[in-house]
Amino acid sequence: MKKDLVLNVKNLVVRYETEDGIVKAVNGLNLEIERGKAIGLVGETGAGKTTTALSLLRLIPEPPGVEECGLMELDGLDMLSLTPKELEKVRGKDISMIFQDPMTALNPVFTVGDQIAESIHLHEDVSYTEAQRRAIDMLELVGIPGERASDYPHQFSGGMKQRVVIAIALACRPKLLIADEPTTALDVTIQAQVLELMKNLRKKYQTSLIMITHDLGIVAEICDEVAVMYAGNIVEKGTLEDVFNRTKHPYTEGLFNSIPNIYDRKAMLTPIKGLMPDPTNLPEGCPFHPRCPYMDEDCKKPQTDRAISDTHFVRCSAYDRPGFHINRKEK
Amino acid sequence: MIRYIIKRFLMMIPVLLAVSFVVYFLMDLAPGDIVGMMAPPDATEVEIEMMRKEMGLDGTLPERYFRYMKNLLKGDLGMSLSMKRPVIDIFFERFPATLKLAFGSIIVAMIISIPLGIAAATHHRSWLDGASMVTAMLGLSMPSFWLGLLLIILFSLKLGWLPSGGSDGFLSIILPAITLGAAQAGNLTRITRSSMLEVIRQDYLRTARAKGVSEKKVIYKHALKNALIPIITIFGSTLGNALGGAVAIETVFSWPGVGRLTVSAINSRDMTLATGCIIMFTIFFTLTMLLVDIAYAYVDPRIKAQYSK
Amino acid sequence: MVKEKYTVGELKAFKKRSIASEVWRNYKKSPSAMAGLIVVCLLILVTIAAQVIYDYDTDIVQQDIMNRFKEPSLEHPFGTDHYGRDVMVRVLYGAKYSLSVGIVSVAISCFLGSSLGLIAGYYGGLVENIILRTCEIFMGIPSILLGIAIMSAFGQSLLVLMFAIGLVYVPMFARTARAAVLPVRDQEYIEAAKVSGVSDLRIIFTHVLPNAMSPIIVQVTMGVANGILTASSLSFLGLGVPVPAPEWGAMLSSGREYIRDYSYLTFFPGLAIMITVLAFNLMGDGLRDALDPKLKQ
Numbered sequence: 289m290k291k292d293l294v295l296n297v298k299n300l301v302v303r304y305e306t307e308d309g310i311v312k313a314v315n316g317l318n319l320e321i322e323r324g325k326a327i328g329l330v331g332e333t334g335a336g337k338t339t340t341a342l343s344l345l346r347l348i349p350e351p352p353g354v355e356e357c358g359l360m361e362l363d364g365l366d367m368l369s370l371t372p373k374e375l376e377k378v379r380g381k382d383i384s385m386i387f388q389d390p391m392t393a394l395n396p397v398f399t400v401g402d403q404i405a406e407s408i409h410l411h412e413d414v415s416y417t418e419a420q421r422r423a424i425d426m427l428e429l430v431g432i433p434g435e436r437a438s439d440y441p442h443q444f445s446g447g448m449k450q451r452v453v454i455a456i457a458l459a460c461r462p463k464l465l466i467a468d469e470p471t472t473a474l475d476v477t478i479q480a481q482v483l484e485l486m487k488n489l490r491k492k493y494q495t496s497l498i499m500i501t502h503d504l505g506i507v508a509e510i511c512d513e514v515a516v517m518y519a520g521n522i523v524e525k526g527t528l529e530d531v532f533n534r535t536k537h538p539y540t541e542g543l544f545n546s547i548p549n550i551y552d553r554k555a556m557l558t559p560i561k562g563l564m565p566d567p568t569n570l571p572e573g574c575p576f577h578p579r580c581p582y583m584d585e586d587c588k589k590p591q592t593d594r595a596i597s598d599t600h601f602v603r604c605s606a607y608d609r610p611g612f613h614i615n616r617k618e619k
Numbered sequence: 033m034i035r036y037i038i039k040r041f042l043m044m045i046p047v048l049l050a051v052s053f054v055v056y057f058l059m060d061l062a063p064g065d066i067v068g069m070m071a072p073p074d075a076t077e078v079e080i081e082m083m084r085k086e087m088g089l090d091g092t093l094p095e096r097y098f099r100y101m102k103n104l105l106k107g108d109l110g111m112s113l114s115m116k117r118p119v120i121d122i123f124f125e126r127f128p129a130t131l132k133l134a135f136g137s138i139i140v141a142m143i144i145s146i147p148l149g150i151a152a153a154t155h156h157r158s159w160l161d162g163a164s165m166v167t168a169m170l171g172l173s174m175p176s177f178w179l180g181l182l183l184i185i186l187f188s189l190k191l192g193w194l195p196s197g198g199s200d201g202f203l204s205i206i207l208p209a210i211t212l213g214a215a216q217a218g219n220l221t222r223i224t225r226s227s228m229l230e231v232i233r234q235d236y237l238r239t240a241r242a243k244g245v246s247e248k249k250v251i252y253k254h255a256l257k258n259a260l261i262p263i264i265t266i267f268g269s270t271l272g273n274a275l276g277g278a279v280a281i282e283t284v285f286s287w288p289g290v291g292r293l294t295v296s297a298i299n300s301r302d303m304t305l306a307t308g309c310i311i312m313f314t315i316f317f318t319l320t321m322l323l324v325d326i327a328y329a330y331v332d333p334r335i336k337a338q339y340s341k
Numbered sequence: 027m028v029k030e031k032y033t034v035g036e037l038k039a040f041k042k043r044s045i046a047s048e049v050w051r052n053y054k055k056s057p058s059a060m061a062g063l064i065v066v067c068l069l070i071l072v073t074i075a076a077q078v079i080y081d082y083d084t085d086i087v088q089q090d091i092m093n094r095f096k097e098p099s100l101e102h103p104f105g106t107d108h109y110g111r112d113v114m115v116r117v118l119y120g121a122k123y124s125l126s127v128g129i130v131s132v133a134i135s136c137f138l139g140s141s142l143g144l145i146a147g148y149y150g151g152l153v154e155n156i157i158l159r160t161c162e163i164f165m166g167i168p169s170i171l172l173g174i175a176i177m178s179a180f181g182q183s184l185l186v187l188m189f190a191i192g193l194v195y196v197p198m199f200a201r202t203a204r205a206a207v208l209p210v211r212d213q214e215y216i217e218a219a220k221v222s223g224v225s226d227l228r229i230i231f232t233h234v235l236p237n238a239m240s241p242i243i244v245q246v247t248m249g250v251a252n253g254i255l256t257a258s259s260l261s262f263l264g265l266g267v268p269v270p271a272p273e274w275g276a277m278l279s280s281g282r283e284y285i286r287d288y289s290y291l292t293f294f295p296g297l298a299i300m301i302t303v304l305a306f307n308l309m310g311d312g313l314r315d316a317l318d319p320k321l322k323q
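Chains as they are written, first to last, in my numbering: chain A, 289 to 619; chain B, 33 to 341; chain C, 27 to 323.
Misleading hints may appear alongside valid ones.
Stated by the list, open to error - Reference excerpt, derived from the structure (chain B facing chain C, CB under 7 angstroms, subset only):
no., residue
1, F41
2, I45
3, L49
4, V55
5, L58
6, G162
7, A163
8, S173
9, P175
10, L183
11, I185
12, G276
13, T318
14, T320
Claimed, not checked - Stretch by stretch, here's where chain B covers chain C in the computed footprint (C-beta under 8 angstroms, at least three residues):
no., region
15, 72-86
16, 162-171
17, 183-192
Simulated from the structure, these hints should not be mistaken for lab results. On a predicted model such as this, the values are computed, not experimentally measured, just so you know. Even glycine gets a Cβ: it sits at the ideal position worked out from N, Cα and C.
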C-alpha cells in the first residue's frame, strides 16, 4: 500500500562550518509524514530540531550552513530542484513555520494586519485590500478582535503575539505546518489556550503538523506520531502508542525516566547522566553510547534503522543481541 | 501628539534664550568698538556717547542683551557696518543658499552611505565590507575643505567639467554638495552598517522569509525600515554637522551662504552682522533638531505610542 | 577545548594579567589599530625631531623670494610656497600645532567634561539637571560657530584655540561620563560605601570612575581626531593659529590662493591632516573594540 506522504525526506545532512570547527547539526535524517498527521519531534536543546525545521523550509543561512539531502519532497514537489524564486512561492503557501519566541518573531514597525496580509498578498491572486480583509478574518479566527489589525506588535501580550504568528503561518492554509516550541516562551495558562487553538485550526484546515518540543506532554496531547531526536538524528519513531508504551531506544527510556510520575510522587527522578555530545566532535557510531547504560562495542559501529513494526522503528544496535530489552516495561 | 509638539516647542524657548545669550556674550567680548570705528574722527566724548545710545549699545551687558532680543522678536538685528543694510535682510538673503547646500549634501550623503552600509552589512566580513569601511574611515578623517580643494583641482581646473565656485545653475552646487556630503557619508555609512547588522540577526526577518518574502524585500522592506530608525535619530546631528561644515565649504567654493557671510563679517570686524548671523543660524539649527525629533516620533510606532498617551 | 590542568606557573600568569594587558592583547589583534598607533608614535617623533632640527625663524618663516613656487623636486620634495619656504619642512614642523591642539584641547574637555559628567551622574537631581541643560545649550550651537565666537571673543592664538576646542567638546565628555555612571549609581556597593562613611570623592574615584573609563578612553582618541579637524578648519578660515605659523589648515588657506597654477601647495598639508586624523580614528576604533568585552559586562 502506498502511503499518502506530505513530506518525504531522505538522508538530510546539515552542518555549520565555523572558525571553531564543523558543527554537525543534522546527520543523515529520514522523515516521512502522512497527510493530515501530526508528528512530534522531541529531543533536548541542541539535538538539531530547529535546524531540521529550517532546512525543510530551505532557510539554513549559507554560509556558514551547508545543507545536503538525498531526497526532499513536499507533497510530491521536489524541494531540492527549486530555484530561490520558486522556493519563495512554496514558503508560506505550502509549508510554513511558527517560531519559538513570539516576542521577537513579529516585525516591530509593521501593523499585525499588514504582516498577515503580506503573506496572503504574496501567495494568492488577490488585491492588497482583499488581503487585508482576509487578514482581519484570520485575526478573528485566532481569537483576536479584527479591529486590532491596525495595531503594532508592541501593543500585544506574548500570547496574543503567538496567535498573530499562528495567523500568519496559517493564512494561506499550508499543507505542512512546522511549530517550533510554540509555547515554551508563554505562561502555562496561555500555553494551554494556544495549544487548543492549534489543535482546532489543524483539524479545520487538515494541515499536517511537525510539532517541535521537548515536552512529552504536549506531544501526547496533540500528535499522532513521535520522532525522538538525538545529536542530529531520529533514534526512534512510531505512533504515540509505540513510543510511549513500547519504548525501544535507551535514550527515549531516559527521557521518560526524567519526567515526574504523577502516580508516584515519592519516586526519584532518574536523569540521563552526562551531557549532549559536542556537535563539532560527535562520538563514533551511536552518538548516545557514551551515556548509554546498555553500551557495548557494537555501539561504536555505524547504526541503522531497525523496524519493530510497520509504524515503529528504532536506531539501536543493541537489538542485535539475543533477548535484549530495556528496563522500562511495556504497558 | 499635538500636545507633545507644543510642549517641546515651549521647552525650546529657554534653551534658545540661553544659546543666544552665550553667543551674544562671547561676541560682546570681541575687541573692536563699533561706535569708535563709525564716529567721525573729530567726535567728542559726548557725541560718541549719543551715538552709542542711538545704536542701542549703551548700558550693561544684560540690558543690551534684552534690548537685542526684544528687537530680534520685532525682526530687527541692527545695521551691518560693512554693508550698510539691516542684518536681518542680509541673513535671509543668504540663508536659503546654506539650506540648499546642507540638504544637497545630505542627499549626497544618503545616496552614498545607505546602499554602502547595507551592502557592507549584508556581505559582512567580505571584501566589500572591508572596502566600504575603509572608504567610510577615509571620509571621516578627511578635512572636508581639503577634499573640496582636491575636487576643484580635478573637476574644475584639470577636467574643466564643473565650476569651481559661485552659485549659478545646478552645476555649481554639485561640487560643494559632494564635498560636504562626503564628510557626512563616512559616519552615516558606519551607522547604517552597524544598525543593519543588528537588524539582520533579528527573528522577525526569519518570519518574513518563512512567509515567502523574497530576499530583496526582506532586506529592503522588513530590515531597512527597522535599520532606518537609528539613522533617522542621527539625521538631526547629521544636518547639524552639515550646517556647521557648510561654513568652511562655503568659503572654499565661494558659495553665497550664511557661513561665508559670517566668516567675512568677522574678518572685516562687522560684529553686528557676525552676531546676528551666528544667533539666527543657531536658532534655526536648534529648531531643525526639534523638527527631526518630532519626525522620529512619527517613524517609530513604539515612540509614537509613548507620546500619544 | 578547555584545558583541564594548569601548572602553578600558568595559574600565576593568569592572576598577573591585568585589565590593561588584556586590552592590549585584544588591541594587538587588529592590524588597522596597530597601524594607527604606529603612525601616532611616528608623528610624535617627527614633532620632537622637527623642533630639534629646524629653527623657527630661519627654516620655517624666513622668506626666500628667489626660490618661490618651486615644484616638488628632490631638493624640495613637497615644493616651495609663495614666499619660497620649503613646504615639507613646514609640514613636518606644523605637526606640533595639530598634535598639541588636539591633545591639549582634549585634555581640557576630558577633565572638565568627565568631572561634570561624573558629578551629574553621581549626585543626580538638581545638579544633574543643571549640568545637562547647560550641556544642551552648548550643544545647540554648531561646534564650528561656537569655535568662531570664542576665537573672536578672545583673539587668535594657539592657546585660545586649544581652549576654544576644549570648551566645544566638554558637553560630549560630560554626557559620555554621565551615561557610564548611571548604571552603577544605584548599585548596592555604592550604598554600602556611603553607609560606612567613605567620602564622596573617594567613592567617585574608586567605584564610579573605573566604570566610566572605557567609554571616556574611546572618546579621548576620537576627540583628538575631531579636535584636530575643527582646529584646522578654524585656521583655514583664518580664525585659528595666526600666520606665519605653519599650521596645516592655515597653509591650505594660503595655498588655496594659488590653486590655479600651483595646486601642489594644497595637497601636502591636507594629506598631513588626513593621516593624523585617520591614525587617531583607527586607534579609537581599535580601543573601542579592545575594550568592548569590558563595556558589555
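**Violations among the numbered hints, reported as their numbers in ascending order** = Hint check: 1, 2, 3, 6, 7, 10, 14, 15 and 17 fail, others pass.
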